[in-house]
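2 protein chains.
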Amino acid sequence: MSKDGQSRVVIENVQPAVDGGRYPAKRTVGERVDVTANLFGDGHDHIRARVSFRKASSAEWSQAWMTDRGNDEWAASFYAEEEGSYLFFVEAWIDHFETWYDGFRKKALAGVDVKLELLEGAIFLDGASATEASLSAMATRFRDPARYKESIGVVLSAEFAAIVERHPAVQFVTTSGDPLRVLVEGRRALYSTWYELFPRSSALEGGRHGTFLDTVKLLPRIATMGFDVLYLPPIHPIGKVNRKGKNNSVTAKAGEPGSPWAIGSDEGGHKALHPELGTLADFHKLVTEARKLQIAIAMDIAFQCAPDHPYVKDHPDWFRQRPDGSIQYAENPPKKYQDIYPFNFESADWKGLWEELRSVFLYWVEQGVTIFRVDNPHTKPIRFWEWVIGEIRSKHPEVIFLSEAFTRPKVMASLAKVGFTQSYTYFTWRNTKQEIMEYMNELVHGPSRNYFRPNFWPNTPDILPYHLQHQGENIFIIRAALAATMSASYGIYGPPFEFFENQPVEGKEEYVNSEKYEIKHYDWKRTNRMTDLLTMINRARREHPALQSTWNLQFCPIENPHLLAFIKTTDDLSDVILVVVNLDPHTPQSGYVQVPRSRLKLSDKINLKLTDLMTQEHYTWTQEWNYVELNPYKLPFHVFHVRIHESQM
Amino acid sequence: MSKDGQSRVVIENVQPAVDGGRYPAKRTVGERVDVTANLFGDGHDHIRARVSFRKASSAEWSQAWMTDRGNDEWAASFYAEEEGSYLFFVEAWIDHFETWYDGFRKKALAGVDVKLELLEGAIFLDGASATEASLSAMATRFRDPARYKESIGVVLSAEFAAIVERHPAVQFVTTSGDPLRVLVEGRRALYSTWYELFPRSSALEGGRHGTFLDTVKLLPRIATMGFDVLYLPPIHPIGKVNRKGKNNSVTAKAGEPGSPWAIGSDEGGHKALHPELGTLADFHKLVTEARKLQIAIAMDIAFQCAPDHPYVKDHPDWFRQRPDGSIQYAENPPKKYQDIYPFNFESADWKGLWEELRSVFLYWVEQGVTIFRVDNPHTKPIRFWEWVIGEIRSKHPEVIFLSEAFTRPKVMASLAKVGFTQSYTYFTWRNTKQEIMEYMNELVHGPSRNYFRPNFWPNTPDILPYHLQHQGENIFIIRAALAATMSASYGIYGPPFEFFENQPVEGKEEYVNSEKYEIKHYDWKRTNRMTDLLTMINRARREHPALQSTWNLQFCPIENPHLLAFIKTTDDLSDVILVVVNLDPHTPQSGYVQVPRSRLKLSDKINLKLTDLMTQEHYTWTQEWNYVELNPYKLPFHVFHVRIHESQM
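These protein sequence lines map, in sequence, to chains A and B.
Read in numbering that gives the first Met the number 0, the first sequence has 293 at position 294, and its numbers run on one by one without any break.
Read in numbering that gives the first Met the number 0, the second sequence has 285 at position 286, and its numbers run on one by one without any break.
Please note that a few of the clues may not be correct.
Unchecked claim - Interface residues of chain A toward chain B, partial, derived using beta-carbon atoms under 10 Å:
#1 G40
#2 G42
#3 H43
#4 A271
#5 E275
#6 P322
#7 L352
#8 P380
To be verified - To list a few chain A residues with every Cβ distance to chain B over 10 Å, as calculated:
#9 D41
#10 Y425
#11 D461
If you're looking for bench data, these hints aren't it; they were derived computationally from the structure.
Every residue gets a Cβ at the ideal spot worked out from N, C-alpha and C, and that includes glycine.
Put together the whole structure using the sequences plus the hints.
Okay, structure coming up:
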């Protein structure tokens, strides 16, 4: 027999919960947490319910009343004000005071005798008088038959509704069980703007290996464009054994620099710096100078070794041995990757391996790195990531981990669940209106919303997608605009994207003459149409909080299949952004976009003032459906700041 | 640091699970249990996985291999052979033997050198030789460089695939956690055919109060029609205080029998019999005679009391007292139901109340009752039902509980989760093709499939739905055919349905002159079109296992919005039923129905032999789309038995 047999409310499906509470739901500082639950009792008695929440480090619970949204779904919200773990749970009970009140009103309004009901009401008022003494006198009046009509009037008054509201008759409470967790991370976990470059290609003058100090000189350029994360591919010593040459050739010629992802040589491993890039002091200078410009350095973490990595000699048991005593290189049969030794996470010394890899993160955190872009995390055990991210975060909660897992949906989801702050996505390949809408709706409204934070990349050093190959500027601009406005976090593999590099290895989604295997020399002093647009888009993102969230996106109907329109707003509608993009890079497109009246709380008389944040052109819209026209050769998108005329609010 | 750091497979979302394992999933004897889980590891290594299952009362686990169905979803099935609780869990691991085998094949077929791979293979064979000694010699041959080519041939042979298959390299296993439960109930939990009548109306001769012995005389009629459950509204003494009269009038005239749901008087309560119906011996005779005809008696359980129920005097604390000392009657303000006192489940003596109500079930089980149709369970606490059903079931696992909760979806679902065997449904109001298809797909494919077993009723004593009011025979026949063929369990409030009673209280979905408040006199010797059709439909249900499941339903495309078509098959296709119903009671309708080729495993050459189980007419279909025509004045539905011509299999 249950202990709480008198508790008549059932609580089911409390959200947000990830895998039933196995993992925390994620939010960032300032975001709203919408708690929902299915609540029902037996019969028609009224339920009252509240959410209790607190920071895990605080002793005090706060409360928010839940409201019935229909179909037995109740909701309450609170704001996650600080970084850290929050806990919450739901309580509900049959509230006999409210049930009585509702029944009384119906009976009184139907002219039914309510003498007995007034006596019952007096009992509730006696209870409430413990915290509001004046109600005791009201109870006495309710018991006076001479005041029968007067008392009915009192119950039917608006004031009485407030009395019922503030005196919940808490009894036989049902609780939702162990508190659920919300992990609240810093703003940058949600809103970040990434620029990727290879520091060895950062020399202003051509013809030589770039250095950290060269990269320092590029910082003002990157900051001016509005990026706040500078992501560097691995900066460790590059393996000399089985080094790859230009265009991924199996043997490098003398002097070829190799792939930065083949980590480690006699010059050191994951805690060392590639000597040609500079010293630790130079790296510190880069971190420090970047920070002055509000730019964080993101380091690449690729847990794999070149054959001459010191680990191979010092810890052969961390790798898989073959029957001839050689070490198993990476392969995707029949392909061989003999320049890379994967770790064997089934090693008998797996604990030693885990601890060493943790120490790599901690070492770089000590050097001032707070963001790690993790290479291929899906080729290392998910339980390892859960542990190591938990370990780092417990000491350094501000650290951000970006998962570079371009793999199957459930694996990407799982990595996000266990702790990765942000994730690369399929945006890179979502190109048509329908594809984009379906994918965004899945990200924003699907269950992964509670743990999977997208970071949109139109390109990466590994990926030149087919739709950019051999194409002109317009499609690059379209892809940048989509990434930067739909997702609060986005990034570009900078120089090839800025300079419209569109030459693939034919038949593949790879760059020909990839920078992964050679040093590039860019004309860093050049700016162009893309540079200007990125600067304006990033400024719009910085100045408009509506663009600093991904979760507030709502598509707007527009009857042209080449035109995509969506709105983003802050919760309080103090900032409203409407984006319209022409997905056709070749032809001007026009159509009518529907303003979402209910979302914007518009009355019948629409009066919207729009400013295009790119062109600074002004428009006034007074209709629900409004004409837009986008010529991709001029500008394939609008980013409108929308002001709702006062009288319409 | 986790203890099983070397276990690299992640297991998520193991199904069937109800609320994460809080409640058991339900099946019936002979049904297949499809276990699914999301499984993935890091990288490309091969996973092997199995389901372990056993009856809770058995010590031995059985195993079934899971297979990858794509998108990281794996599945295995087992059959629930016996009544009782089953347990199951999932295990998965990286299988290095299979990974090696796959890589070897790719390399060998690509002409890559595999000398080292053969040595690795020999190690796996050494391991396998522990259970299959002959593999030791094969390992030796693999190590012989002179047999290099021969050994490659061995690995590429079909026999070697079988060796890999039967020697899983079980290591670093991931387990899904606490076993999940499946409650396996008897066949009748899924497949049952209900006839409801008021025994007081069962006298063959008019003009007097019917008795149990009268009902005994009706049993052959009911059995001939093919019903196997006879459900009786409450048969307890009826309250005399505040008794309701004809048509629910607030005061009964002298001699009016009252509503059987106003239970209890000075003649006794929930464990007593209404004296005018007969003695306990008479009731025993009814139970015994029914059982001889394979009919089970279903008793109505309505946990509420008339004002003169003995409980009211003996246990006033089980009811809610009002300030004047009176007992709170049922109400739905401003409506009053003064003939009914609800129990107060918040009573300080709630344990005493729970135990007494349990004793009511146990008393009637002792009298031979194995089916309870529970009246308005949603007006009593759900936790009470969970407890009391668990208590009864632990001693009497065969007992069936039908939930009469015509209420909100989540409440109905919750009652089914906590233990009700079957549930009344919204079928009663699903009338158009789209409504019916949506609802059936929700029942069959939605999450409630694991716990909510529908029982379809076209009418009840409380409900004469609008679509039957003032209508002719055809719609009654359509509704019966739908209920009986879509759902493995269905029932009718018999006599008014058989005899096409269609007169409502105007504006309401209620019968005028409802049998709830008066004795009816039916011409029990009469049979008609409905009697004949029910007899044939129920025979088809009895003879065709495909009709004895609800879960095997699949709709077939048919381009007429008035025609509904669906197929039901046994797992092995040994029984195939195709049903086509004309939903339009007034007009003949025709259309082309598409045969589901993949479900029936049909080749390009279709050759189906159909027999209409109502008319015994034969058809041969050799096309994917086939013409059907249904005249509702003749017969508004087909129930085809489909035989797949041998050469097509």
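Hints versus structure:
1. G40: holds (8 Å)
2. G42: Hint holds; A/G42 Cβ to chain B Cβ min 4 Å, cut 10 Å.
3. H43: Nearest chain B Cβ about 6 Å off; hint holds.
4. A271: violated (26 Å)
5. E275: Status violated, d = 32 Å.
6. P322: For A/P322, the interface hint holds, since the closest Cβ of chain B sits about 4 Å away, which is under 10 Å.
7. L352: It holds, given that the least Cβ distance between A/L352 and chain B is near 9 Å, below 10 Å.
8. P380: holds (5 Å)
9. D41: violated (5 Å)
10. Y425: holds (14 Å)
11. D461: Check passes; 17 Å lies beyond 10 Å.
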